[in-house]
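The chain contents come next:
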Amino acid sequence: MVQAAMVSIVRRYFPAAQGRVRAGAICMIVVLGGCADQKLYQAAAFADTAIVFEDSLPAIIDQALAVSVQADSLQRVGARKFLRRPQRGPVLREADRLLVERAAIFEQAKAHGVLLREYFVAIKTLATTEQATGLSQSMNGVVGRMDKLSAQINGSGFSAAGDTIAKLIDQSVNFTVANIKAGALRQSLDRHGKKVDRSLAVQHAFISVLRKQMAADLGNVRKPAYRNNVVKPFVDDGNLPNDWWKKRLELLTTSPDLRAVIAAETAARRVRHAFLALAVNELNAATLGSIVSELDNIVGIAETVKTLQNKEAKP
Amino acid sequence: MTGTTDLPPLKPQDIADLTLGQLRALRDRYQTLEWQESIEALAPENQNRAALQWMSVQNAILKLENAKLTSIRNKLVRNEKDLRKARNAVKKTVKGLESTTKTLNVVGDFLTVVGRIVPLLMV
Chain A
68 MVQAAMVSIV
78 RRYFPAAQGR
88 VRAGAICMIV
98 VLGGCADQKL
108 YQAAAFADTA
118 IVFEDSLPAI
128 IDQALAVSVQ
138 ADSLQRVGAR
148 KFLRRPQRGP
158 VLREADRLLV
168 ERAAIFEQAK
178 AHGVLLREYF
188 VAIKTLATTE
198 QATGLSQSMN
208 GVVGRMDKLS
218 AQINGSGFSA
228 AGDTIAKLID
238 QSVNFTVANI
248 KAGALRQSLD
258 RHGKKVDRSL
268 AVQHAFISVL
278 RKQMAADLGN
288 VRKPAYRNNV
298 VKPFVDDGNL
308 PNDWWKKRLE
318 LLTTSPDLRA
328 VIAAETAARR
338 VRHAFLALAV
348 NELNAATLGS
358 IVSELDNIVG
368 IAETVKTLQN
378 KEAKP
Chain B
2 MTGTTDLPPL
12 KPQDIADLTL
22 GQLRALRDRY
32 QTLEWQESIE
42 ALAPENQNRA
52 ALQWMSVQNA
62 ILKLENAKLT
72 SIRNKLVRNE
82 KDLRKARNAV
92 KKTVKGLEST
102 TKTLNVVGDF
112 LTVVGRIVPL
122 LMV
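Residue numbers (our numbering), protein chains in the order written: chain A, 68 to 382; chain B, 2 to 124.
What the hints contain is simulated information worked out from the structure, not anything from laboratory work. Some hints here could point you the wrong way.
[What the hints assert, rightly or not] Restricting the straight-line Cα-Cα distance to at most 30 angstroms, the calculated cross-link-like pairs of lysine-lysine (DSSO-like) are: (1) K69(B) <-> K177(A); (2) K279(A) <-> K76(B); (3) K93(B) <-> K261(A); (4) K82(B) <-> K290(A); (5) K93(B) <-> K290(A); (6) K279(A) <-> K12(B); (7) K106(A) <-> K69(B); (8) K64(B) <-> K177(A); (9) K314(A) <-> K64(B); (10) K279(A) <-> K82(B); (11) K106(A) <-> K82(B); (12) K279(A) <-> K313(A); (13) K64(B) <-> K106(A); (14) K96(B) <-> K290(A); (15) K279(A) <-> K96(B); (16) K92(B) <-> K279(A); (17) K12(B) <-> K313(A); (18) K106(A) <-> K86(B); (19) K93(B) <-> K279(A); (20) K262(A) <-> K92(B); (21) K314(A) <-> K69(B); (22) K92(B) <-> K313(A).
When you get a sec, could you build the whole thing from the sequences and use the hints?
Now the structure itself:
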């Protein structure tokens, strides 16, 4: 039941996502099913989820900048007719300077996200690395050669021992490879876990500030829309438009832009918790599932925002 | 005993947050019908003064918001060196796995050579 729900969430996300999300989904399903080298699958699934989260951030940061510019423009346009001509240029220049400064901060935050993403990609490579597959093949190769070598040596004792060793090694190859990788992963988490956690915590704080600023900007941007589409028609004489209540509802409820950044804030917190859980070996399918559903939420909202923007763009 | 409740002193960040909240409330007021009507009713000189004040409020909001973002950005940048180190260490580990593979291949090749030598020794 849970597996089916998870698969359906991830499947819904697939059309917009790339191959790595599929791999993540497969890993997660395996985690739910339970398997021998669970730790590696969990790490791979976590890394996949965290990579998708980092991929979703630039769009949200861009949207936050767009809302900042929109809110600022509303103020400048509103005051423009009361400003004298020589005052207008300096007013706009100062506003532009501050917004460019903000855009630069946002770019740095995106670059930091790219760095975190690279770390998660490295973790995923470690957990699912093809080198490890190569390692497995090499070990098998050695076994094969030992076998051949033993056949060339006279004396059945050695040959029999060679066969036994070959069988034993063959059986334990996968287990050994998994252990080498799990050990390397553990070492990496022990050594760098705190630093990565600190970065995730600051990233979460950054998104929280974005959410607060976006809420303030959107609240301000919506005020004139509410005044013109809801208050004015209601106060004035005459019939109200048929869609008056719909406009009212739309402007009284949380905007899709804000819902996207709220979802991102929640996802940032959950990614951090999942990372901590992975570090202490307590990551479970439920934790990963909650991040996937939050990511699904972000994608769903992003689609809504895009649809609304397309509608607005049409004449 | 002063007879008043001692409150913890406000931190600079708290003061900045409170100021930002007040400025935003003021900016929201500029968007109300009442304020729009009242500014229209002013003399041109006062309209200009109100508009300049409005611009100062908006600039102050942007400056305070940017300051907050800058302080978090600085923390992000401070962590970048560590993050790069962590990423490189994991990459190195993956490379280590690769070299283990290479070593095993060399061992395998060596065994092949041994396999060819052994029959010669046994003759």
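For this session: Determine which of the earlier numbered hints do not hold for this structure and return their numbers in increasing order.
Result: 4, 5, 7, 9, 13, 14, 15, 16, 17, 19, 21 and 22
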